[in-house]
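Enquirer: Listed below, chain by chain, are the residues.
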Amino acid sequence: MSPIDPALDFSTVIASTVHDMKNSLAMLMQAHSQWLARLPKELRDGSEQGVIDFEFAHLNGMLVQLLGLYKLGVNQLPLQPAYHELDDFIEAQLAAHQEVFASRGIIATYEVDPLSPLGFFDRELIASVLGNCINNAIRYARESLLITVSDEAGQLVLSINDDGDGYPAQMLERQADYVQGINHSSGSTGLGLYFANRIAALHQRNGVEGRTEISNGGPLGGGVFSLYLP
Amino acid sequence: MSSYHQKSFLIVDDFSDFRSSVRSMLRELGVKDVDTADTGEQALKMCSQKSYDFILQDFHLGDGKKNGQQVLEDLMSEKLISHEAVFVMVTAETSQAMVLSALEHEPDAYLTKPFNRSGLAQRLERLEQRKTLLKPILQALDRGKPVEVLNACIALCKQDIRYSPLCLRYRADALRDMNQNEALERLYDGIIADRPLPWAFAGLGKLLFKRGQVTQAKEVYEKALKVFPMMPALYDGMADVLVAEGDSKGAQRVLEEAIRLSPLAVRRQALLGKLAMANEDFETASRAYRQAVSQGAQSRFKDPESNLGLAHALISKGSDRGLDTRTRLEINTTLSAVAKENPSDPGLQIRARLMKATSLLLNDAETADKLTEQALMRLDGMEQFMSPEAALLVAKQLQMLGQAEAGTSMLKSCAEIYGDDPAVMKDIAKLTDDPTILSSSNAAADLNRQGVRVYKTGNLVEAREVFRKALKLQPKNISIALNLAQSLLHGTDTSVPSAELEECRACLKLVGLMPDTDARFARYQKLKSKAFGE
Numbered sequence: 001m002s003p004i005d006p007a008l009d010f011s012t013v014i015a016s017t018v019h020d021m022k023n024s025l026a027m028l029m030q031a032h033s034q035w036l037a038r039l040p041k042e043l044r045d046g047s048e049q050g051v052i053d054f055e056f057a058h059l060n061g062m063l064v065q066l067l068g069l070y071k072l073g074v075n076q077l078p079l080q081p082a083y084h085e086l087d088d089f090i091e092a093q094l095a096a097h098q099e100v101f102a103s104r105g106i107i108a109t110y111e112v113d114p115l116s117p118l119g120f121f122d123r124e125l126i127a128s129v130l131g132n133c134i135n136n137a138i139r140y141a142r143e144s145l146l147i148t149v150s151d152e153a154g155q156l157v158l159s160i161n162d163d164g165d166g167y168p169a170q171m172l173e174r175q176a177d178y179v180q181g182i183n184h185s186s187g188s189t190g191l192g193l194y195f196a197n198r199i200a201a202l203h204q205r206n207g208v209e210g211r212t213e214i215s216n217g218g219p220l221g222g223g224v225f226s227l228y229l230p
Numbered sequence: 001m002s003s004y005h006q007k008s009f010l011i012v013d014d015f016s017d018f019r020s021s022v023r024s025m026l027r028e029l030g031v032k033d034v035d036t037a038d039t040g041e042q043a044l045k046m047c048s049q050k051s052y053d054f055i056l057q058d059f060h061l062g063d064g065k066k067n068g069q070q071v072l073e074d075l076m077s078e079k080l081i082s083h084e085a086v087f088v089m090v091t092a093e094t095s096q097a098m099v100l101s102a103l104e105h106e107p108d109a110y111l112t113k114p115f116n117r118s119g120l121a122q123r124l125e126r127l128e129q130r131k132t133l134l135k136p137i138l139q140a141l142d143r144g145k146p147v148e149v150l151n152a153c154i155a156l157c158k159q160d161i162r163y164s165p166l167c168l169r170y171r172a173d174a175l176r177d178m179n180q181n182e183a184l185e186r187l188y189d190g191i192i193a194d195r196p197l198p199w200a201f202a203g204l205g206k207l208l209f210k211r212g213q214v215t216q217a218k219e220v221y222e223k224a225l226k227v228f229p230m231m232p233a234l235y236d237g238m239a240d241v242l243v244a245e246g247d248s249k250g251a252q253r254v255l256e257e258a259i260r261l262s263p264l265a266v267r268r269q270a271l272l273g274k275l276a277m278a279n280e281d282f283e284t285a286s287r288a289y290r291q292a293v294s295q296g297a298q299s300r301f302k303d304p305e306s307n308l309g310l311a312h313a314l315i316s317k318g319s320d321r322g323l324d325t326r327t328r329l330e331i332n333t334t335l336s337a338v339a340k341e342n343p344s345d346p347g348l349q350i351r352a353r354l355m356k357a358t359s360l361l362l363n364d365a366e367t368a369d370k371l372t373e374q375a376l377m378r379l380d381g382m383e384q385f386m387s388p389e390a391a392l393l394v395a396k397q398l399q400m401l402g403q404a405e406a407g408t409s410m411l412k413s414c415a416e417i418y419g420d421d422p423a424v425m426k427d428i429a430k431l432t433d434d435p436t437i438l439s440s441s442n443a444a445a446d447l448n449r450q451g452v453r454v455y456k457t458g459n460l461v462e463a464r465e466v467f468r469k470a471l472k473l474q475p476k477n478i479s480i481a482l483n484l485a486q487s488l489l490h491g492t493d494t495s496v497p498s499a500e501l502e503e504c505r506a507c508l509k510l511v512g513l514m515p516d517t518d519a520r521f522a523r524y525q526k527l528k529s530k531a532f533g534e
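Protein sequence lines correspond, in order, to chains P and Z.
Each residue of the first sequence is one higher than the one before, starting from 1 at the first, in the numbering used here.
Each residue of the second sequence is one higher than the one before, starting from 1 at the first, in the numbering used here.
Please note that the accuracy of each hint is not assured.
DSSO-like mimics (lysine-lysine), calculated; alpha carbons at most 30 Å apart, straight line [as the list claims (entries may be wrong)]:
no.	chain 1	residue 1	chain 2	residue 2
1	Z	Lys223	P	Lys71
2	Z	Lys528	P	Lys41
3	Z	Lys65	Z	Lys135
4	Z	Lys158	Z	Lys145
5	Z	Lys226	P	Lys71
6	Z	Lys65	P	Lys71
To be clear about the criterion: a stretch of chain P counts as covered by chain Z if any three or more of its residues have a C-beta under 8 Å from a C-beta of chain Z, and this derived list gives those stretches [claimed, not checked]:
no.	segment
7	14-25
8	146-158
9	210-217
Take a look, some chain Z residues computed to stay more than 10 Å from chain P by CB distance [as the list claims (entries may be wrong)]:
no.	residue
10	Glu28
11	Ala92
12	Lys472
13	Leu501
It should be emphasised that the hints constitute simulated quantities derived from the structure, not laboratory data.
It should be emphasised that the depicted structure is a prediction, and the values quoted were computed from it without experimental measurement.
Glycine included, every Cβ here is placed at the ideal spot set by N, Cα and C.
Generate coordinates for the entire structure from the input sequences, incorporating the hints supplied.
Expert: What follows is the structure, given as structure tokens:
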């Protein structure tokens, strides 16, 4: 598919629509936060506010993911790897969800192995994966969420832990199917896993590809999503 | 402890809602000094009047307007912001802006819309911290002292080895500026062996190409494009390699690929136009030049050569029956712009008129004659040298317009100015069989080569004599005049007046007539600043 092709195919139409939707949503979120700032405090912290913030973030995450999937499909997802300070990177992802954490009473923390303060990856792509995961974890977490960064045999491991009920057994068993895009029956989560894994796999070093893994347990006893980057 | 709250901010966005929203976020964070701009032009103006610590620049400022990347490039090249300043590119979608970004000037960070106050605060806090950490390096960059940059990198890595990856780019650029080619190659090789970074590939390719190791440069670009098929700058490097190998068709294909990825690139479009012209692919040439002209309108890379190229491509595309009305209109518009915007450049005035006359040759001979007449008059009084490409096209068009004599004299002067360059002589041979022109440069070129040999032995007196003889044969030859000037300057005290200094300055005055696009222009400037003590 080249941009000079006059006949637009359906996925391009969808992608440009999604692009517009994303811009609209950005305007909406902005207007909303400005409006909110003018409201008296008791109205500002209503329970609806938490729903609005969460769904805003959820919508935005889905749209970003859709655009990402489109670009993967037409081979237009550029990899721009660079060194990034990990505590900065994770703080930024958590800050983006600050309002939702506050309204849901979730305490979000992170731990970075002090011996490896820098990671090598595409900041935007990995941020979109992490954003979706955090959003997903918020849905199931009871009161805490923990992001850990460690080093496993030279690979960078980013794990998002929650204290919810964990992934259903059937999903854990069949995660290979989701990752390959075979089973999308569980909707956005399945698609999210597929997307995450494709992006992880774009990160390669000496023939080793990045990958994802879901499991239950971890330090918080709930679901654990792990991203391995070589 | 420094903090971003006391710093000055500039928000650049075409949406007033966005400007006021970010402004109020910053206010809530305790920032007092906040200015806004709605266009890139305004931002540049404001930055020339006040030095901002933070610039939050929207990438897309509307169609036909300077985009954020262009603003950044202008700010950097005109030194309107310090390296210590934080430049954040705000985008609706980041990957797009990244593809469009040139590898030389990357923003300090990208911030994707929408973002909230905590997100903004977190980024600003961190960017401030990073700038503080790198402060000695950035200050050395502002002073333009690569040696100090290197020392500052070493000091930082000594302080904390974990930060050494952050210094890699600064180290490489400093080594490049110091012409430390071997050390630079080792550094690039080391980086690539560990982690494939796109800028390291591009830098290594460029270095090898600069040193004439074209085959090795090609291998680097081939390898890099496998890993980063989305990086336009790598295609540019590959195209340079292919041009050097004489494969202009291959170079065109590679550039077309880069343009598919990143169509907003004035220089790339202009280069594609030029290559496509050489390949006689007039359709592609006119399309590329058209893009170069329209995008160039907002850019610092605006170049009348693209207008002339567009007109030339459109004329070449035309049939035996002449050009249709629409094409003539487009040619007229694009050439009028050249004439209007460059009133004091005789070369461009002449070329625009001859180009237009050529386009009217079949449809309006009378106007064509009138324009040719005007061009000839200006040509008569013109001192400046045209580039060989421009001069040869002028000669060809003069021939086509029935001015054989003027065409021949143009070729003669071209052979005199550039006669030592075999490629130029080859192109002249395409336009004439006249042996007096074709052999006119041989004797002078021989003497010039002989002079260089003598100069290398250190015998200045004899070298000058040989160069003088050569220059007598071809008084306007750039290479010979430069060589004579250099040999005269060698061992001459420029602080006291002398015959040598006088003669040298006369040579350089002549050479100064060459176009600044010439590869020898830098050498001329160096000699000039020595000889004139500027």
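Enquirer: Taken at face value, is the distance from the CA of Lys71 (chain P) to the CA of Lys65 (chain Z) at most 30 Å?
Expert: holds, 26 Å
Enquirer: So is Leu501 (chain Z) really clear of chain P, every C-beta pair being over 10 Å apart?
Expert: holds, 52 Å
Enquirer: Any Cβ of chain P at or closer than 10 Å to Lys472 (chain Z), or is the non-interface label fine?
Expert: holds, 56 Å
Enquirer: CA of Lys528 (chain Z) to CA of Lys41 (chain P), is that 30 Å or under?
Expert: violated, 71 Å
Enquirer: Do at least three Cβ atoms from the segment 146-158 of chain P come closer than 8 Å to Cβ atoms of chain Z?
Expert: violated (count 0)
Enquirer: For Ala92 (chain Z), is the shortest beta carbon distance to chain P beyond 10 Å?
Expert: violated, 5 Å
Enquirer: Taking 30 Å as the top limit, are the C-alpha atoms of Lys226 (chain Z) and Lys71 (chain P) close enough?
Expert: The given pair, whose Cα atoms are some 18 Å apart, holds under the 30 Å limit.
Enquirer: With a Cβ-Cβ cutoff of 8 Å, does the segment 14-25 of chain P contain at least three residues near chain Z?
Expert: holds (count 4)
Enquirer: Does the no-contact call for Glu28 (chain Z) survive, Cβ to all of chain P over 10 Å?
Expert: Nearest chain P Cβ is 8 Å from Glu28 (chain Z), so the label is violated.
Enquirer: For the pair supplied as a hint, Lys65 (chain Z) and Lys135 (chain Z), confirm whether the alpha-carbon distance does not exceed 30 Å.
Expert: violated, 33 Å
Enquirer: Within a Cα-Cα threshold of 30 Å, do Lys158 (chain Z) and Lys145 (chain Z) meet the stated pairing?
Expert: holds, 20 Å
Enquirer: Starting from Lys223 (chain Z), check that the Cα of Lys71 (chain P) is at most 30 Å away, please.
Expert: holds, 23 Å
Consistency note: the structure conflicts with the earlier hints numbered 2, 3, 8, 9, 10, 11.
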